[in-house]
Amino acid sequence: LSNREDDRIVFNHYAPRRRVVKPDGSVEEEAWTTSGRHGEHWDGMAFWDRQLTDAQWLRMYFGYTVTVDDRDMDGLPDDNAKLPLDERRFGSSALRAMTDGQMNDLRKAMLSTWVPGPLQTSWIKPPYQGIVPDPRKRDNDNDGMDDLHDPYPLYPNLPLIPYMRAEIDGDAQEWTGIPASASFDKGGIRFTYRQAHDETGFYGLYEVRGPWKRIEGTFDAEGYGVYSGPAVLGFQVVREGTNVSVRPTFAGAPGLRQSARLIDDTWVIEFKLPNRGEGPWFWNRGGREVGTVLSVWDEQNRGYSAWEPYRPFYARMLEPNGQDPLPSNSPAELTGGIELLPGNPQLKPQGGWKLDGSVYRHSGDELPLVIEVPKVSEFDLYVELEAKGDGIVGAFTPEMKEMNAGVGYIGFVGGYGNTATRMRLFGKEEGDSDVVMTAGIHRIQMSRRDGEVWLLVDGKPVVFAADPAPKAVVDRLAILGGYDGAQTVHRVRYRVKP
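My numbering puts the first residue of the sequence shown at 18, with every later residue one more than the last.
These are calculated hints, taken from the structure and not from any lab test. Careful: at least some of the hints might be erroneous.
Below, a list of computed lysine-lysine pairs in the BS3-like style, where the Cα atoms sit at most 27 Å apart [what the hints assert, rightly or not]:
| hint | residue 1 | residue 2 |
| --- | --- | --- |
| 1 | Lys445 | Lys392 |
| 2 | Lys371 | Lys418 |
| 3 | Lys418 | Lys365 |
| 4 | Lys445 | Lys405 |
| 5 | Lys230 | Lys203 |
| 6 | Lys230 | Lys142 |
| 7 | Lys418 | Lys392 |
Keep in mind it's a predicted model, so treat the numbers as computed, not measured.
Can you make the complete structure from the sequences, with help from the hints?
Structure follows, in structure tokens:
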């Protein structure tokens with residue numbers, strides 16, 4: 018209803034600003050952003066209605082203007098049956114602009130979207146689910162924070178996402194210390210949701226009992242609203258008898274891992290969305306905000322919302338403290354596979370690698386001792402070596418013409434002057450260990466599988482990271498020499514999986 022983007026009234030057809038050129042040369046274009054920080058359906062309408070100024074309301078092209086009584090001038094009419102809401106029905110004072118002594122009565126009423134429930138068939142829908150604020154209370158959710166300052170004055174849940182690594186196995190025990198981000202008991206369904214994150218992914222836990230049929234989750238990782246683009250993911254968890262399956266919604270959930278288990282009469286459902294890798298989400302440590310919309314539907318197709326229907330609950334990832342414990346599913350040290358002793362023609366030395374009796378010794382610039390393999394997705398590379406520092410193993414994709422410690426999958430022990438042990442995955446350093454090279458022969462192993470990369474030293478896992486490119490294949494394994502490390506290789510083993 019305007020020819021300017023900063024002066025318009027958005028109807029409920031939401032889309033981000035975009036221009037997409039199709040293969041046939043035609044163009045799909047939205048010149049103006051028509052999506053905001055909101056959820057679906059009525060939440061979007063409520064969001065955009067509240068962006069309008071008084072002047073925009075008065076020059077609306079549709080409808081007509083009426084004048085009503087508002088003795089305390091708080092913006093909320095006193096008593097008029099023609100209107101959907103007034104002070105009398107809300108329970109606020111028509112003589113005091115702030116019935117609770119702190120917040121304007123109209124602002125108090127607008128804490129809620131007054132939505133009765135998720136969109137569903139009228140003749141089966143359950144009773145009204147909207148949250149009605151009490152205009153006389155300063156703290157409607159009883160969480161100890163006044164409505165005036167509470168980011169979510171109608172929910173007692175903290176808008177924070179704790180730092181935790183979860184095993185996706187359908188076991189809720191590890192979640193004991195994580196507070197609930199949502200819970201309800203409606204229509205015979207009891208539901209609790211918890212969320213967490215670490216450097217490998219975003220985790221969620223559903224605990225649900227009663228006659229539920231499906232759980233719909235929508236997740237906004239950029240904080241711009243559920244219609245803002247490809248970072249908005251969604252999926253349904255559907256129960257059919259004793260089986261649980263997943264169906265994509267919105268942009269789906271690439272890289273999703275999920276596990277469900279029935280314990281007594283409660284379903285425990287864990288899921289993980291990856292940080293980088295197959296999915297579009299990415300972050301470092303804490304600080305990211307994730308908005309979540311959850312609704313649970315019963316066997317009669319009646320819907321119940323975890324918070325206000327369609328309004329995203331935005332929570333921020335907490336910064337981690339200290340050093341993460343490693344996951345419990347580390348690979349074992351490789352004892353089988355293909356064994357190569359120095360001099361074996363499968364070991365291809367480059368540059369400063371020289372065969373000296375029963376060992377390979379390195380001197381000079383950084384260059385690899387290479388094992389060529391068919392294109393593989395999983396590998397274990399094990400080497401027995403001694404060095405003053407920089408015990409380095411690596412793997413490289415076919416596109417990587419040069420093999421050095423700045424590309425591919427790299428694990429290094431005693432780098433930076435024998436002070437640090439980490440992995441460097443496609444140029445980005447991951448993890449940190451206090452293990453360094455000492456005198457004598459050490460066993461170094463890098464393993465890649467199931468979207469994870471591990472570095473083991475002397476049979477013990479020391480560094481773990483999520484695979485940043487889980488669909489990539491590698492065609493070369495290598496031990497790298499250089500950095501004045503005086504590396505000496507005694508034995509090599511490897512195992513690969515096409």
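Status of each hint after checking the structure:
no., hint, verdict
1, Lys445 with Lys392, "23 Å, holds"
2, Lys371 with Lys418, "22 Å, holds"
3, Lys418 with Lys365, "15 Å, holds"
4, Lys445 with Lys405, "24 Å, holds"
5, Lys230 with Lys203, "14 Å, holds"
6, Lys230 with Lys142, "15 Å, holds"
7, Lys418 with Lys392, "15 Å, holds"
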